[in-house]
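*Asks:* Model the full structure from these sequences, guided by the hints.
Just so you know, the sequences run in chain order L and G.
To convert, note that position 98 of the first sequence is 98 in this note's numbering; the numbers rise steadily by one, no gaps.
To convert, note that position 61 of the second sequence is 372 in this note's numbering; the numbers rise steadily by one, no gaps.
Any given hint could be a false lead.
[To be verified] Here are the simulated DSSO-like pairs of lysine-lysine, each with C-alpha atoms no more than 30 Å apart in a straight line:
1) K360(G) to K163(L)
2) K412(G) to K228(L)
3) K371(G) to K360(G)
Derived by calculation from the structure, the hints in this document are not laboratory data.
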Amino acid sequence: MSVGTATDQVAPPQAPPRAGLTDRARSERRLAYMLVAPAVIVMVAVAAYPIINAFVLSLQRSDLRFPAKTKFIGLANYGHVLGSSVWWSDFAHTVIITVISVSIELTLGMLLALAMHRTIFVRGLTRAIGLIPYGIVTVVAAFSWLYAWQAASGWIPGLLGLKTDPTTTTLGSYAIILIAEIWKNTPFMALLLLGGLALVPDELQEAARVDGASTWQRFWRITIPLMKPAILVALLFRTLDAFRIFDVIFIVNQGANNTESVSILGYNTLLDRLNLGLGSAVSVLIFVCVVIIAFVYIRLFGAAVPGSENL
Amino acid sequence: MKHSQREISGWTAAIIAVVVLSLIPVLWIISLSFKDPGTIGDGNFFPTKWTWANYSGIFKQSIFTDALRNSIGIAAIATVIAVVLASFAAYAIARLKFPGKRVILGASLAIAMFPPISIVGPLYNLWREIGLYDTWPGLILPYMTFALPLSIYTLSAFFREIPWELEQAAQVDGATPFQAFTRVIAPLAAPGVFTTAIIVFIFCWNDFVFAISLTSTPAAQTVPAAIASFPGASQFTEPIGSIAAAAVVVTIPMVLLVLLFQRRIVSGLTAGAVKG
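*Replies:* Spelled out as structure tokens, the structure:
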């Protein structure tokens, strides 16, 4: 923020719009478009075009096993998906996983961020080790936790004295998926929060302490309110990411024991059953859910989209 | 500053908790990778009988060595291209005046939030038609696309902190905006660019959805996709030892990257996401 204003001061006075556009401003503008163009073209070609294509496919009966039968059928695919119990139960699984994992990640992430920010010794080492899960491939994290829990190989069932193999029960499967997901993503959450923590002025904390506020009061009355923008951005990012959960479930049990998420459903419909029409309808619905989540965070909770305040 | 005994023991406990929780799954997968096939099901945390067999086994299988080559090549190429293109765009966004800036940032943020599964179907279809299915470019393109928004955000945050007076001084001395960019600003921007490259590489290295959807053979399959399809000794046994060894091989470089560049990763992710 302060950086933004500094830049504004240094920047040359703005040329009067349109009519008085100087040669210099015009060439600056041309350079800007040339610099931005390659990135924009790639993003449009590889992200925007396929999502439009997904929408078009979702309005067709399109099955790669029967390509001759492709035909425009309007919203029938959506009717089929939204009318099926599979979509709604998968939606419920996804919401359960998202809500539980993001809330625990927020709590643990905050603790980790405080530890990284405030620790009085070996700060570099604490930060580095705390970050390790961020660098681990999600698939590897999922395998590690799966093998730790499953009766055929793991150390956890023995430790907890479990009688049944946790991978065979719904509760056990959720536990494995959630723990793997939370372990992998808490450091990222902590990093996003750490940025917000750095913006809380030490003098304010000190002043409150002199006035007799306890650690607990300072945390809730000073740290949290000042960190609100960072918390909202972190929650927004992690919620969107958790909602599209795929890797961990795919590795742990491919959606068995009632853990199938909407992304797994989309993948199975598209790439296992090769039904592009129905699969695209699922894809578009997932996209709509993500847009709604982003809208709720940005409009209702007032999450500031990163970068927007600097323009 | 003096710290009380209580503070010191509190922080010691907190640090031990962080270290233990972060490292246990890593140590466990390492330990599994050294377990002898006969003892892999014994449930002990540490191996009772150590062996290198799992490692020598996977390096003899082309499914793994090819995947390793694909992972390194694809992630490296995607990272280089994404970071170069994003540097151009971020420079323009941080520095130049032009209409449409907000649209570009908004659109790239939208892509960053995009569920990959939503475009996997059309890409699968399109790639098969134009011959990109199961090829390196077939993965490099989607990785670049999702890496670009991340890089543009991180880089524009870094670029805003560069002392721009130097650029103006160069321009006063007669440099064109392009010369000012390549001669003055680029060297100053190098640390930010390097940091962004690390973050993007970790992102590409981690991907699984695109890898299992858009590849099918060792021609382009990356390690996460390959280990998910490792064949077991028989239909009913899981290749736990091989998977663990392969997992360790892809994990070690990432752990080293994180340990060596912790400070940069922290500054990169916090700059991109929060300071904005």
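*Asks:* For each hint, tell me whether it holds in the structure or not.
*Replies:* Each hint, compared with the structure:
Our distance criterion of 30 Å between C-alpha atoms is met by K360(G) and K163(L), whose separation comes to about 26 Å. As the CA atoms of K412(G) and K228(L) are separated by approximately 26 Å, the hinted pair is consistent with the 30 Å bound. Distance hint between K371(G) and K360(G) is fulfilled; the C-alpha atoms sit about 22 Å from each other, no more than 30 Å.
In the structure shown, no violation is registered for any of the earlier numbered hints.
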